[in-house]
Amino acid sequence: MPAPKPVERPLSPFMLGQYYRFQMTSVSSLLTRITGNALIGSAILLVIWLIGAASGPETFARVDGFMTSWFGDLLFTLSLLGIWYHYLAGLRHFIFDAGRGMDIETAEKLGWVCIIGSVVLTILTIIIV
Numbered sequence: 001m002p003a004p005k006p007v008e009r010p011l012s013p014f015m016l017g018q019y020y021r022f023q024m025t026s027v028s029s030l031l032t033r034i035t036g037n038a039l040i041g042s043a044i045l046l047v048i049w050l051i052g053a054a055s056g057p058e059t060f061a062r063v064d065g066f067m068t069s070w071f072g073d074l075l076f077t078l079s080l081l082g083i084w085y086h087y088l089a090g091l092r093h094f095i096f097d098a099g100r101g102m103d104i105e106t107a108e109k110l111g112w113v114c115i116i117g118s119v120v121l122t123i124l125t126i127i128i129v
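Just so we're aligned, residue 1 is where the sequence shown starts under this note's numbering, counting upward by one.
Be careful, since some hints might not be right.
[To be verified] Taking CB as the label site, the calculated pair distances span:
#1 Gly99 with Gly36: 21 to 29 angstroms
#2 Phe96 with Gly65: 39 to 47 angstroms
#3 Gln23 with Pro2: 30 to 38 angstroms
#4 Arg62 with Gln23: 44 to 52 angstroms
#5 Met102 with Ser69: 19 to 27 angstroms
#6 Thr125 with Asp97: 21 to 29 angstroms
#7 Thr125 with Trp70: 12 to 20 angstroms
#8 Ile126 with Ile40: 42 to 50 angstroms
#9 Leu45 with Thr106: 33 to 41 angstroms
#10 Thr125 with Ile95: 19 to 27 angstroms
Quick caveat, the hints were computed from the structure, so don't treat them as lab data. None of the values given here were measured: they were computed from a predicted structure. Just so you know, even glycine gets a beta-carbon here, dropped at the ideal spot from N, CA and C.
Construct the entire structure; sequences and hints are all you get.
Okay, here's the thing in structure tokens:
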């Protein structure tokens, strides 16, 4: 029996750079997981804000000062971006669950729709609200 031919490439996708190239489908999957987990942090910030409001005017003033600072505005803007991305990615998976868009070209286009759409919807939300 002949010896098996040794594999000349790494078997792990964690070898980024010269061995592994990110694809839109993997980036979209990673961003969906990241935004889902980041939204938990956003919900915790909202709860802290509500607890500050319920704790009295001094506590609320302190918490509100942080939440309305430039850093708080940045956090809530990124949270809004995460909400829109996660929503669009959910619609993308709904399309996949219906058995549509499973070919690589359509899946990549839907990934770009999620990214670009979330940025556009975030900007529109900021302008409108």
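Do the hints match the structure? See the list:
no., hint, result
1, Gly99 with Gly36: 21 to 29 angstroms, "24 angstroms, holds"
2, Phe96 with Gly65: 39 to 47 angstroms, "44 angstroms, holds"
3, Gln23 with Pro2: 30 to 38 angstroms, "34 angstroms, holds"
4, Arg62 with Gln23: 44 to 52 angstroms, "45 angstroms, holds"
5, Met102 with Ser69: 19 to 27 angstroms, "45 angstroms, violated"
6, Thr125 with Asp97: 21 to 29 angstroms, "27 angstroms, holds"
7, Thr125 with Trp70: 12 to 20 angstroms, "19 angstroms, holds"
8, Ile126 with Ile40: 42 to 50 angstroms, "22 angstroms, violated"
9, Leu45 with Thr106: 33 to 41 angstroms, "36 angstroms, holds"
10, Thr125 with Ile95: 19 to 27 angstroms, "23 angstroms, holds"
This entry does not satisfy hints 5 and 8, going by the numbered hints stated previously.
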